[in-house]
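Student: Sequence:
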Amino acid sequence: MINSTVIQFIFLLLLGKSRSAPKTCEINLPTSIPTKGEPIYLLNGNGSVFRPDGRLTQLNIGDSLTIYCPGQEELKRVPCSPRFSLEDITCTSNVHSELVETEEKCGRDGKYYNISFPLPTNTFHTIYRTCFNRQKLTPIYSYHVINGKAVGYHVKQPRGNFRPGKGVYRKININELYKTHISRFKRIFGATQTFFRKPLHYLARGHLSPEVDFVFGTEQHATEFYINTAPQYQSINQGNWLRVEKHVRKLAKALQDDPHVVTGILGILKFSNKRTEREIYLGEGVIPVPQIFWKAVFHPKTSTAIVFVTSNNPHEKTFNPICKDVCETARLGDKQHESQNFSNYTVGFTICCELPDFLGNSKAILPKEFHGNNYRKLLKMPGKP
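Here the sequence shown stands for residues -20 to -1, 1 to 365, where the numbers follow mature numbering (1 follows the signal peptide of the UniProt record, and there is no 0).
Don't read these hints as lab results, they were simulated from the structure.
Please note that a few of the clues may not be correct.
[Claimed, not checked] Quick list of simulated restraints, FRET-style, between CB atoms: (1) 33 to 172: 55 to 61 Å; (2) 172 to 103: 54 to 60 Å; (3) 150 to 253: 26 to 32 Å; (4) 353 to 173: 41 to 47 Å; (5) 61 to 363: 54 to 60 Å.
[As the list claims (entries may be wrong)] Here are the simulated lysine-lysine pairs, DSS-like style, with alpha carbons at most 30 Å apart: (6) 343 to 91; (7) 178 to 250; (8) 178 to 129; (9) 166 to 233; (10) 226 to 360; (11) 151 to 129; (12) 233 to 129; (13) 226 to 56; (14) 297 to 254; (15) 343 to 116; (16) 56 to 3; (17) 254 to 136; (18) 85 to 16; (19) 304 to 230; (20) 151 to 230; (21) 151 to 178; (22) 116 to 85; (23) 16 to 159; (24) 16 to 250; (25) 357 to 233; (26) 254 to 304; (27) 136 to 233; (28) 159 to 116; (29) 129 to 360; (30) 56 to 136.
Just so you know, these numbers come straight off a predicted model, no measurement behind them.
Even for Gly, the Cβ is constructed at its ideal location relative to N, Cα and C.
Use the sequences and the hints to build the structure in full.
Tutor: As structure tokens, this is what we get:
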């Protein structure tokens, strides 16, 4: 017969183990995610893509993630347990997004392309959309959503190579056009031209939907399609346009919500050649160099919005604003420091605008998701007086 003291000891031991056993498992960004061979993470049961809700995301014991490598291995289920780990579960090769052409019209003479991952349900998960003009080979805008709770905890990935996408640029080698554009403009404007030259006054591939707005490496590399870029001066790309992108991420993080971001271009840059003003294209009548880059940020819960407008001309001395500057009202950064940066033409003169003012004084066109919606109020940085 077992001694009652022994029974009590065993009971207390089991009770202690049950109390100490973890009831959840954690996904810690970015350390829980492999930097090579990163898969797509699906929520078990409904097949939807896993979405982190901060630096730490907790799953309950019994929940699970499904590891998916499109075109490679079978699905692998990873249950939440005391031994839960994602770092060592990888795909045999890198996962690549696909450029999916649609028949949906957008903008002026544009068509939507969805940049997506194929899912095991024979559907696609869209990361962002680009409205693209096939005749001029130029984007009109790109549209994506930022995960405000997880932004800033992204998986750090080395920059990949830009891809043209199947059938988009036809016989045009866009990569070669970027590499040789300084020689091209020397032939147009003369060997002593100063419009385009290194180290800073050359045309870079300016992202519309930027990679660091996305959490996972697979999503970041999906931004490396040429249709998500437009020719942008390097001094501006690494200057005020980069500051705009950082402001938008700070705004998303401060909101702890999911702002919708639409980034587009306006106009065509013009330079004079022997008294003749000439529009600037990267190719022969295709891939225009924009006069302006703009980025509209929408917060659907509060029906507020703000638009950043950046000049793409580092040589100009004056800028005719298309809307009233409200950067100070929007409480973005240190007033004096940011004003000095944004008013610097060499790195891209930049202003902030209310959405109605911007739309009323420009030819910008928004996605239909924002047609008829009331975004007349200015989106401001929260938490500041």
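Student: Confirm or reject each hint.
Tutor: Taking the hints in turn, this is what the structure says about them:
no.: 1; hint: 33 to 172: 55 to 61 Å; in the structure: 57 Å, holds
no.: 2; hint: 172 to 103: 54 to 60 Å; in the structure: 56 Å, holds
no.: 3; hint: 150 to 253: 26 to 32 Å; in the structure: 28 Å, holds
no.: 4; hint: 353 to 173: 41 to 47 Å; in the structure: 45 Å, holds
no.: 5; hint: 61 to 363: 54 to 60 Å; in the structure: 39 Å, violated
no.: 6; hint: 343 to 91; in the structure: 17 Å, holds
no.: 7; hint: 178 to 250; in the structure: 19 Å, holds
no.: 8; hint: 178 to 129; in the structure: 39 Å, violated
no.: 9; hint: 166 to 233; in the structure: 44 Å, violated
no.: 10; hint: 226 to 360; in the structure: 15 Å, holds
no.: 11; hint: 151 to 129; in the structure: 42 Å, violated
no.: 12; hint: 233 to 129; in the structure: 6 Å, holds
no.: 13; hint: 226 to 56; in the structure: 36 Å, violated
no.: 14; hint: 297 to 254; in the structure: 20 Å, holds
no.: 15; hint: 343 to 116; in the structure: 17 Å, holds
no.: 16; hint: 56 to 3; in the structure: 22 Å, holds
no.: 17; hint: 254 to 136; in the structure: 47 Å, violated
no.: 18; hint: 85 to 16; in the structure: 37 Å, violated
no.: 19; hint: 304 to 230; in the structure: 23 Å, holds
no.: 20; hint: 151 to 230; in the structure: 41 Å, violated
no.: 21; hint: 151 to 178; in the structure: 28 Å, holds
no.: 22; hint: 116 to 85; in the structure: 15 Å, holds
no.: 23; hint: 16 to 159; in the structure: 29 Å, holds
no.: 24; hint: 16 to 250; in the structure: 43 Å, violated
no.: 25; hint: 357 to 233; in the structure: 20 Å, holds
no.: 26; hint: 254 to 304; in the structure: 34 Å, violated
no.: 27; hint: 136 to 233; in the structure: 18 Å, holds
no.: 28; hint: 159 to 116; in the structure: 20 Å, holds
no.: 29; hint: 129 to 360; in the structure: 18 Å, holds
no.: 30; hint: 56 to 136; in the structure: 24 Å, holds
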